[in-house]
Amino acid sequence: MTQNISPHRAETILLDHGSGGLASQELISSLFLKHLGNKVLSALEDSAVMENQPGRLAFTTDSYVVDPIFFPGGDIGTLAVHGTINDLAMRGARPLCLSLGLILEEGLPLADLERIIISIRDASLASGVPIVTGDTKVVPRGKADKIFINTSGIGLVADGVEISATRAQAGDKIILSGSMGDHGITIMTRRAGIALAGDLRSDSMALHSLIRNLLAGLPECSIHTLRDPTRGGVATTLCEIAGSSGLMIEIEESRIPVRSEVRAACEILGLDPLYLANEGKCLALVASEVAEQALALMQACPEGAEAAIIGTVTSGGRSSSIHEASDTRPSLAGDPGRVALKTTIGGTRVITPLHGAPLPRIC
Amino acid sequence: MKYVDEFRDPELTAQLLHELTAATTKPFRVMEVCGTHTMAIFRSGLRALLPPDIELISGPGCPVCVTSASHIDAFLQMAELPGTHLAVFGDLFRVPGSNGATLAHARARGAKIDVVYSAMDGLELARQNPAEQVIFPGIGFETTTPGIAATILAARQQNIDNFMVFSTHKTMLPPLMALLGDPALGIDGLLCPGHVSSIIGAAAYQPLAEENHLACVVGGFEPTDILQALILMARQISEDRAEVENAYTRAVTWEGNPRARAMVDTIFEPVDMEWRGLGTIAGSGLAIRKEFAGFDAQSRLSITIAESKEPPGCLCGQILKGITTPPACPLFGSRCTPSSPIGPCMVSSEGTCSAWFTYGNNTR
Chain A
1 MTQNISPHRA ETILLDHGSG GLASQELISS LFLKHLGNKV LSALEDSAVM
51 ENQPGRLAFT TDSYVVDPIF FPGGDIGTLA VHGTINDLAM RGARPLCLSL
101 GLILEEGLPL ADLERIIISI RDASLASGVP IVTGDTKVVP RGKADKIFIN
151 TSGIGLVADG VEISATRAQA GDKIILSGSM GDHGITIMTR RAGIALAGDL
201 RSDSMALHSL IRNLLAGLPE CSIHTLRDPT RGGVATTLCE IAGSSGLMIE
251 IEESRIPVRS EVRAACEILG LDPLYLANEG KCLALVASEV AEQALALMQA
301 CPEGAEAAII GTVTSGGRSS SIHEASDTRP SLAGDPGRVA LKTTIGGTRV
351 ITPLHGAPLP RIC
Chain B
1001 MKYVDEFRDP ELTAQLLHEL TAATTKPFRV MEVCGTHTMA IFRSGLRALL
1051 PPDIELISGP GCPVCVTSAS HIDAFLQMAE LPGTHLAVFG DLFRVPGSNG
1101 ATLAHARARG AKIDVVYSAM DGLELARQNP AEQVIFPGIG FETTTPGIAA
1151 TILAARQQNI DNFMVFSTHK TMLPPLMALL GDPALGIDGL LCPGHVSSII
1201 GAAAYQPLAE ENHLACVVGG FEPTDILQAL ILMARQISED RAEVENAYTR
1251 AVTWEGNPRA RAMVDTIFEP VDMEWRGLGT IAGSGLAIRK EFAGFDAQSR
1301 LSITIAESKE PPGCLCGQIL KGITTPPACP LFGSRCTPSS PIGPCMVSSE
1351 GTCSAWFTYG NNTR
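Sequences listed follow chains A and B, in order.
Taking this note's numbering, I'd label the letters of the first sequence as residues 1 to 363.
Taking this note's numbering, I'd label the letters of the second sequence as residues 1001 to 1364.
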């Protein structure tokens, strides 16, 4: 086969790069190993073999298809590393390693790919979680949107760590590790080409160090549930926890941190920050007696500096803060499995999961 | 956040609620005309705090909800014509037409449809894609129409001839006249739409107040705005007055915005218009004038507008008229939810059913 342009000199991804032949090898060595290389990955074996370590394994996978691929505060590469690390951390696992699967669209500028791979390297180095295995495919132009990434992750769960949505208990306090909505509103405004004043940035961030500090600093089994409120936002995640645990959740609007730029953008677009995606935040449900200690531990980490206690888990039934409803009004009963919000002005409303994608309003 | 937090102040709210309770000397029924009011009342939690003597009824003021099934069918037809590219408001995307199909379904089948934030974005799309016919389905009341009129004027100025509007624009007063003339509805007060009023002016409600003996108060959309409007209304009702008052003076004047109205008059002329659930109301719609026929999708494309068929069992018509509330509908919360809406009131975030489902009682 003759080659007019040497693939490594090409400025864009070609179908050849996914052929498994010389062009693929060139891409692997000149780009992937150059930036991501480590003892396990650089061996280029068919699978990574890891030393056995005591403990239970946590295993997760996630795919990343964001548009635009670059945005203030991160890019698709940082999301792919942070998102999978966070999914491991939310079960109390210490992340050990990640896989990296790339689906590239023919014509993707190589400079863009390199920028993403450098982001992945930086995120991987900063979090101390190596990429140990990978794969690349190239599809014809139009069959994918620039780049799709899948990462899987393996982590270790120490003895005594039992974290799950089903372990939420009545009386638990709910801590949010920082401001909500930053990622979702950044992506929506970029996608729509809406220029708003103020610094809108994705919160893409790995949370495993914060969780490690929390686990180390609190009595065993006092953290009941951890969840990262990604798509669907804080509202949908809390609804899932209420559903899994069969308990009721009450949160207070005035206690939930939202940056003023995010609030302003939401007001303009008719969106509710409770439903916007976050990529560097977690919700922690902890026993009430350790809540203040957990909050202090979070606030001592840079990832949780703006953490706040936003609500409480109850066993359901009508609580004192829920307004008694009359026949003609919507019932605001504090039913088990549901989430209620005490609004800034002192009213109460029920929170439901996100239905469909959030769409901006006409007026 | 400035200009928002002041109007959501808990202490001020408590004080206004106290004043409202004192001013409410007898039970009364209020129609909040505008979907944004419906949503704001639910979302702020205000509904649960109001004195029990005040009954709130949602009116026909959600632009998506009153778009007839036949018009949605027409939008779907246009989306499937070769070479067309639709630019639509986000909340139109999931509204079902007469056979349940939506623009979201059409896009999945390959139609070119983009969600835009204003008609001007649609014009930009036309500029960037000269080989396509970009069509903007025009929906909405006096609030959105001036923006559409300005876009058509801009398209003419810039000689962009592949941009069209399919107008289903509506005006607010004719349906209110029709609805409120019915004494069976038993409405005592009208919470007049703040945004529409910024264009038509508070004076526009004078005939409604006089002919139907209605306390008409223009209100803003923050909790304290709404409370202030309700206080003025409660005082009118307890003193048996029926006047137009303006509680939203920071946005609305007595005469409104004559410049915007003149721009609308340049482009559009009144026509009879079909409203979902309400039927055809004389002179309640706006069609593009002949002088601007080049931008009128209805005159340029051969689109057949069939008679609307409402989904069986759907009570949106009665809900839009304020005759019934969403939980009375057999479909509400069971077969009809925001994820799979059957009637239009469930689709828009400002629809009455969606507001009840999302913020209120979502089970029957």
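Read the hints as simulated data drawn from the structure, not as lab findings.
Treat the hints with care, since some could be wrong.
Just so you have them, the derived chain A footprint on chain B, three or more residues with Cβ under 8 angstroms [as the list claims (entries may be wrong)]:
id, region
1, 1038-1047
2, 1088-1094
3, 1169-1181
4, 1295-1308
Small disclaimer: the values here were computed from a predicted structure and weren't measured.
Every residue, glycine too, gets a C-beta built ideally from N, C-alpha and C.
Hints versus structure:
1. 1038-1047: holds (count 6)
2. 1088-1094: holds (count 6)
3. 1169-1181: violated (count 0)
4. 1295-1308: violated (count 0)
Hints 3 and 4 from the list above are not met by this structure, while the remaining hints are.
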